[in-house]
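**Q** Here is what each chain is made of, one letter per residue.
2 protein chains.
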Amino acid sequence: MDYETRIADHDHEALRLWLRLLTCSKLIEGEVRRALHGEFECTLPRFDLLAQLYREEGGLSMGDLSKRLMVTGGNVTGIADQLERDGMLVRNAAPLDRRQVQIQLTPKGRREFARMARAHEGWIAGLLGGICEADRRRLYDLLGALKTSVAAQVR
Amino acid sequence: MDYETRIADHDHEALRLWLRLLTCSKLIEGEVRRALHGEFECTLPRFDLLAQLYREEGGLSMGDLSKRLMVTGGNVTGIADQLERDGMLVRNAAPLDRRQVQIQLTPKGRREFARMARAHEGWIAGLLGGICEADRRRLYDLLGALKTSVAAQVR
Chain A
0 MDYETRIADH
10 DHEALRLWLR
20 LLTCSKLIEG
30 EVRRALHGEF
40 ECTLPRFDLL
50 AQLYREEGGL
60 SMGDLSKRLM
70 VTGGNVTGIA
80 DQLERDGMLV
90 RNAAPLDRRQ
100 VQIQLTPKGR
110 REFARMARAH
120 EGWIAGLLGG
130 ICEADRRRLY
140 DLLGALKTSV
150 AAQVR
Chain B
0 MDYETRIADH
10 DHEALRLWLR
20 LLTCSKLIEG
30 EVRRALHGEF
40 ECTLPRFDLL
50 AQLYREEGGL
60 SMGDLSKRLM
70 VTGGNVTGIA
80 DQLERDGMLV
90 RNAAPLDRRQ
100 VQIQLTPKGR
110 REFARMARAH
120 EGWIAGLLGG
130 ICEADRRRLY
140 DLLGALKTSV
150 AAQVR
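Going down the list, the sequences are from chains A and B. Here numbering that gives the first Met the number 0 is used: the first residue of the first sequence is 0, the next is one more, and so on. Here numbering that gives the first Met the number 0 is used: the first residue of the second sequence is 0, the next is one more, and so on.
Read the hints as simulated data drawn from the structure, not as lab findings. Check before you lean on any hint, since a few could be wrong.
Stated by the list, open to error - Pairs of lysine-lysine residues, derived as BS3-like cross-links and limited to a Cα-Cα distance of at most 27 Å, are as follows:
1) B:Lys25 x A:Lys146
2) B:Lys146 x A:Lys25
3) A:Lys25 x B:Lys25
Fair warning: this is a prediction, and the values are worked out from it, not measured in the lab.
Sequences and hints are given; from them, build the entire structure.
**A** And the structure:
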């Protein structure tokens, strides 16, 4: 019995799974980028920033916003400046600490993001439409287990 | 019967699946970045470039290399310059067209990448170790179906 071969096989199998997950993720992300740009002349970091602000009707501080956007990166201040010029967001003094700047979507910003978000959901539903609902549910559950496994290791 | 509500529910479910997939992907990628940097002072684009060259013992042209690295981006020429200075790769004239530059790992480059690749497989196996082999296999198959679904839409 060659234990080392078995360990190597196990590793290869995990690696293949990870590379397939990464491929799926990059494929979908690439499509979302293309569609956002093509239909709304919007970048992915801009879309993600809008999504964060949309969820927080009361607004967010620049610090909280930056923390939430670590995933996609992008220059938060630069994107916020641009969105302010486009009339999509406003900067206000925070209600509890006037020295803190709070960022908030304008009604126009909320309206335009809602339109993009609906389109985005449609693209995703289309891209994932080739697998049946039962399999999508299985995939969702298995990815939940994966997330738990990874999070336990990261801690 | 409200069809629109059902459509919206279907979209939400696909969106939730995509966001969970993206979260898993970013979590694992983040861990790989951290570990590469911590153990080998290596960036992810540098690791990916080495991986491509390792697979092609005969070497690759700069153009082919750039095409294969679209996923992670990074400045291919800058990374290649750095790796050449570190004695990890050499630039040669291509055997069939002397005007074309072919890039190839040195024996040192191959040795050092092999060491990193082994560690990388170990990290991935560790991160994915919290789910049983049968579930990993199911996940692998379902992601295969997802890849097919996405690819069919992209075409």
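**Q** Can you list which hints this structure breaks, lowest number first?
**A** none
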